[in-house]
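Colleague: Listed here are the chains, written in short residue letters.
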Amino acid sequence: MFIHEMSASECREALAHARVGRLACARDNQPYIVPMNYAADGDYLYVYGFTTVGQKVEWMRSNPLVCFEIDDVVNHNIG
Amino acid sequence: MSVIVFGQYEELPEKAEFESARKRAFAHIQKRVMWWEPAYISQDHRDQPNSLIPLFFRIKVEKMTGDRANPDNSEAAITTSAATGVEPQSRQTNAREPQWTRILRAALVYFVIVFGAGSVLGPIRTLLLVPRVGERIAELMELPVMLSVILMAAKFIVRRFQLPPHMIYRLGAGVIAFALGIVFEFGLVLKVTGVTLTEYFHTRDPVATAAYYISLVLLALMPLMVGRNVIGSVQKRKTRHHAESNSSHGLWPEDAPAKINAQN
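Chain order of the listed sequences is Z and C.
Counting from 10, one number per residue, gives the positions in the first sequence under our numbering.
Counting from 590, one number per residue, gives the positions in the second sequence under our numbering.
The set of hints was computed from the structure by calculation and includes no laboratory data.
Hints are supplied without guarantee of correctness; some may be wrong.
[To be verified] To be clear about the criterion: a stretch of chain C counts as covered by chain Z if any three or more of its residues have a C-beta under 8 Å from a C-beta of chain Z, and this derived list gives those stretches: (1) 594-605; (2) 608-619; (3) 642-656; (4) 747-753.
[Said to hold, decoys possible] Chain C is faced by these chain Z residues, among others (derived, beta-carbon under 7 Å): (5) 13; (6) 50; (7) 54; (8) 56; (9) 60; (10) 73; (11) 76; (12) 77; (13) 78.
Since the structure is predicted, the reported quantities are computational estimates derived from the model, not experimental observations.
Beta carbons are placed, not taken as given, at the ideal position from N, Cα and C, and that holds for glycine.
Please work from the sequences and hints to get the whole structure.
Modeller: Listed below in structure tokens is the structure:
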């Protein structure tokens with residue numbers, strides 16, 4: 010397997026096309042990860058979400074440092 | 590393929606100072622059909638819902654990285670074999686053999702882009718710039734343009750042909766494109782212009798010639814030099830002013846269930 014590091018533009022393109030990501034936050038050394046519908050803005054400075062107040066919001070209020078991940082299986086075959 | 594964003598959670602409460610940000614968040618999110626549903630369903634279908642207080646938020650992107658995995662020859666052979674039921678030939682040897690057709694195709698595209706651009710810029714330089722500023726300055730003026738073309742072309746072929754960051758792929762494509770360039774320059778161009786190799790070296794400005802050969806060497810090396818580090822970091826840019834959405838930006842859309850609107 011070859012691992013190809015994606016350029017900034019490839020990352021932005023992937024972020025623009027995916028619909029669901031995984032939002033990870035942490036509190037008191039305990040990670041928490043949830044799937045999330047999202048939309049990225051044109052400048053890719055922000056990822057927007059809409060939710061109801063619950064565990065992830067409470068955790069992110071206490072620790073706003075988060076990770077957000079998207080993934081996709083693009084192609085199994087070469088050429 | 591996976592992309593990871595590192596960022597900061599920012600809440601967008603219904604307050605005057607967040608009005609603009611809320612409008613922007615809504616403008617982006619409402620493009621999705623039934624955008625409100627996951628948040629609603631996730632609470633409504635719990636035995637004991639936490640809350641139905643809707644909330645817009647955003648993650649301020651501070652860094653972004655991404656990796657794409659591609660199968661090597663042996664994996665591709667196994668995948669094909671599994672899909673077709675046909676046993677691949679020489680699976681063991683395929684694993685370490687570089688795909689020369691891919692390298693060759695990448696080199697050919699790389700050569701066509703760079704020397705295509707050179708063929709356009711060359712006459713412009715010779716006819717317009719050289720009579721005005723001389724050969725040396727004209728060549729030096731062209732150099733940054735050509736280096737930009739080489740950089741963009743190298744990034745393009747690495748991405749388009751998924752060239753892994755191995756010497757054989759990257760340098761292979763660069764050196765083949767370099768060789769094609771030499772053949773093109775000293776074969777075709779000199780033949781067409783009727784200049785002999787001796788005349789070519791005696792009449793050209795040494796600085797201009799050096800600049801040209803530096804760009805040729807960089808042509809060979811550039812595919813190896815690009816994309817070796819994680820370059821997915823997002824450059825902080827000045828936030829552009831977005832046209833604000835004129836549409837409604839209430840907490841829940843009008844078509845959201847009455848039950849959830851009643852929570853507002």
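Colleague: Hint by hint, note whether the structure agrees.
Modeller: Hint-by-hint comparison with the structure:
{"no.": "1", "hint": "594-605", "verdict": "holds (count 7)"}
{"no.": "2", "hint": "608-619", "verdict": "holds (count 4)"}
{"no.": "3", "hint": "642-656", "verdict": "holds (count 13)"}
{"no.": "4", "hint": "747-753", "verdict": "holds (count 3)"}
{"no.": "5", "hint": "13", "verdict": "5 Å, holds"}
{"no.": "6", "hint": "50", "verdict": "6 Å, holds"}
{"no.": "7", "hint": "54", "verdict": "6 Å, holds"}
{"no.": "8", "hint": "56", "verdict": "4 Å, holds"}
{"no.": "9", "hint": "60", "verdict": "5 Å, holds"}
{"no.": "10", "hint": "73", "verdict": "4 Å, holds"}
{"no.": "11", "hint": "76", "verdict": "6 Å, holds"}
{"no.": "12", "hint": "77", "verdict": "4 Å, holds"}
{"no.": "13", "hint": "78", "verdict": "5 Å, holds"}
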